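Novice: Each residue of the sequence shown is one higher than the one before, counting from 843 in the numbering used here.
Computed beta-carbon distance windows for the label pairs:
| no. | residue 1 | residue 2 | range |
| --- | --- | --- | --- |
| 1 | Ala859 | Asp1052 | 42 to 48 Å |
| 2 | Gln1023 | Ala982 | 15 to 21 Å |
| 3 | His903 | Gln1021 | 27 to 33 Å |
FYI, nobody ran anything at the bench for these hints, they're computed from the structure. Since we're looking at a predicted model, the values are computed, not measured. Every residue gets a Cβ at the ideal spot worked out from N, C-alpha and C, and that includes glycine.
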Amino acid sequence: MPPPVELEAYATQKQLAARSDGVVFVNCHVRATAAVRDIRLTVTGGPSVWLEMETHHSYYHVFKYTEYVVHLPPMGAGDDHDVLVQVELLEHDDAKLLQRLLSSVVQFTETATGASGHYRAAATIARPHRVTDDGADDSATLHQRHRISAARALAMAHRWTTESMRDTARSVLLSTEQQLQRGVYRLTIDDRLRTRALLVTLEAARRLLDDEVDDEEEDEMPMQQRKLRFLESKMRLPALVPEYTKAAIGA
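Let the sequences and hints guide you as you build the complete structure.
Specialist: Now the structure itself:
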């Protein structure tokens, strides 16, 4: 029997040249197999890395650039969330062959029983002396890239909307939709359904932006009220994904 919540952490790439620094994105993918609440994801950076959150979910830092706590809304069976973390690898003379980017743990309470639980995951990256070309991504890896792209687009759209840059927010959502659509044909049936669920989420976010201002009077709305409207719409958004997924597989 699967645990009520599963957690997977993976990076945008699997390997990096020896002794190099740079930025790597890590996705913490949280999946629920049963109804859960009080969900808290903690991410802690590995040695010689700096962390920055790249997510629209609510979070706070325990130690800035080192440890963050993310609060997720209640989830039902089949729901999932992506929490994106930007990991900056600092210059390191004694680079190990396998470097830990971050450790993560999700804590939760089962809605039905009130029992608490947790699930752990870590993301690592290899440091070969020469980065090899592994060719085209397989379906699972390509879908992971799709999840990272969608999570980053939602985070950027959230940031730009709160800064009244709605056109820029729409543009990044649309371009990410188009990017994902171009790769759908390379996926297996299951991964194709999962990526299409991401496309539904991106389209829904873009439509919410289109509906945010219905007339010129709303253009004069105070900035704080606009921010609240967008945040409220974001809280409704995750429910769209599991419903689409269930319909797609005939559940």
